[in-house]
Amino acid sequence: MSYLAIDFFKNKTNADVTAEAFRQAGRKNVVIKEKDSMIVNDCRTEPHKALVDIDAAPLYIVLSEK
Amino acid sequence: MYYNRIISALVLSVVIIISGCRTPHHTNTLIFGTNTKFAIDIEADPTGNPNLTIGYKRQEAVWMPLLANSDNNGTPMNNTALLFKGQQGTADQDTYSVLASFGATFSGGSTMGIETQGAKVSTEGGLAQFFATGLAARKLAEAGGSRLVSVQPDGGVSEEIKMKAAELMASWDNKTSRIIAYVQKDGKVDKDRLSALLKDTGLGDNDFFKQLPGKDINELRAALKDKYINNVDALSRNIK
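Protein sequences, first through last, are from chains L and V. Using the numbering used here, the letters of the first sequence map in sequence onto residues 1 to 66. Using the numbering used here, the letters of the second sequence map in sequence onto residues 1 to 240.
Some hints could be false.
27 Å max Cα-Cα, derived DSS-like pairs, lysine-lysine [what the hints assert, rightly or not]: (1) K227(V) - K28(L); (2) K139(V) - K10(L); (3) K225(V) - K28(L); (4) K227(V) - K164(V).
Pulled a few chain L residues facing chain V out of the computed Cβ check, cut under 7 Å [unchecked claim]: (5) I6; (6) D7; (7) D16; (8) V17; (9) E20; (10) A21; (11) Q24.
These are calculated hints, taken from the structure and not from any lab test. Nothing here was measured: the structure is a model prediction, and the numbers come from that model. We put the beta carbon where it would ideally sit given N, CA and C, even for glycine.
Put together the whole structure using the sequences plus the hints.
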């Protein structure tokens, strides 16, 4: 099964809320992965913003079945 | 029932006697016990009427590691000399940290007559329980610990999260409606409005959006409710 990253959060509660909203919207197998020391560029904005900066705070990635 | 009460009274008396009635001399002892009985009886009679009986009985006993407030002479005790304590770092300490959790789910079903035509009845139930003291209890309270032993079929998503998720979905619906109202012209996707909408969203090079001008507005509506639902926030920010 392949997964699609659908959103990124620095706040766990926001990740939980979004994941649950995607579940209620009908997305299958929505899960949250926690990553430490990782920098992700948010390609939904121009210029792309780094979601985790030098403080290396955990990043919560909401994934769903592709 | 009468004999049960006598036995319970005797057990309680023995506990009090052996533990000593002069509580300032108690030990730092934690005793926790739980006894849970759960039963499901489910059946479908020949007339097709389902019968369901659920039995549940729980007994719990706790003998907590109480801190002595004063000695036998009424002098305040120095509780910093406790033998059993939970400590986090140098400043944060509490009573002995204990965490015990129990959880189980049950389900059952019955069919009368032919498998595909008979009366069917089924049910499910669950038990959840946790017990914590000290730092473990504090951490659980901070992190919404009830989810640890939740028996909810959705994996333990709290009501608060569900409510916020519903609010988020309502917000997405509202923004989608605003996007559609902004970008449509005579039921089609307007090229200039779409171009303005896509600015700084990272979707400018997306094949779906490149081919969208002039197409039925419902195509965009369906895409925003499904594949591009997480882009609704960014798109709606460009509505002038």
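Structure-based check of each hint:
As the CA atoms of K227(V) and K28(L) are separated by approximately 12 Å, the hinted pair is consistent with the 27 Å bound. Restraint check for K139(V) and K10(L): the C-alpha separation of about 20 Å stays at or below 27 Å, so the hint holds. Using a Cα cut-off of 27 Å, the hinted pair K225(V) and K28(L) holds, with the two alpha carbons roughly 15 Å apart. A threshold of 27 Å between alpha carbons decides the hint, and for K227(V) with K164(V) the separation of about 21 Å falls inside it, so the pair holds.
At a threshold of 7 Å, the smallest CB-CB gap from I6(L) to chain V is about 5 Å, leaving the interface hint in force. Satisfaction of the interface hint for D7(L) is found here, the shortest Cβ-Cβ separation to chain V being roughly 5 Å, below the 7 Å cut-off. The interface hint given for D16(L) holds, since its Cβ lies 5 Å from the closest Cβ of chain V, which is under the 7 Å cut-off. The criterion of a C-beta within 7 Å of any C-beta in chain V is met by V17(L), whose closest approach is roughly 4 Å, and the hint holds.
For E20(L), the shortest C-beta to C-beta distance to chain V is roughly 4 Å, which falls under 7 Å, so the interface hint holds. Against a cut-off of 7 Å between C-beta atoms, the interface hint on A21(L) holds, since the closest Cβ of chain V lies about 4 Å away. Taking 7 Å as the C-beta cut-off, the interface hint given for Q24(L) holds, the closest approach to chain V being about 6 Å.
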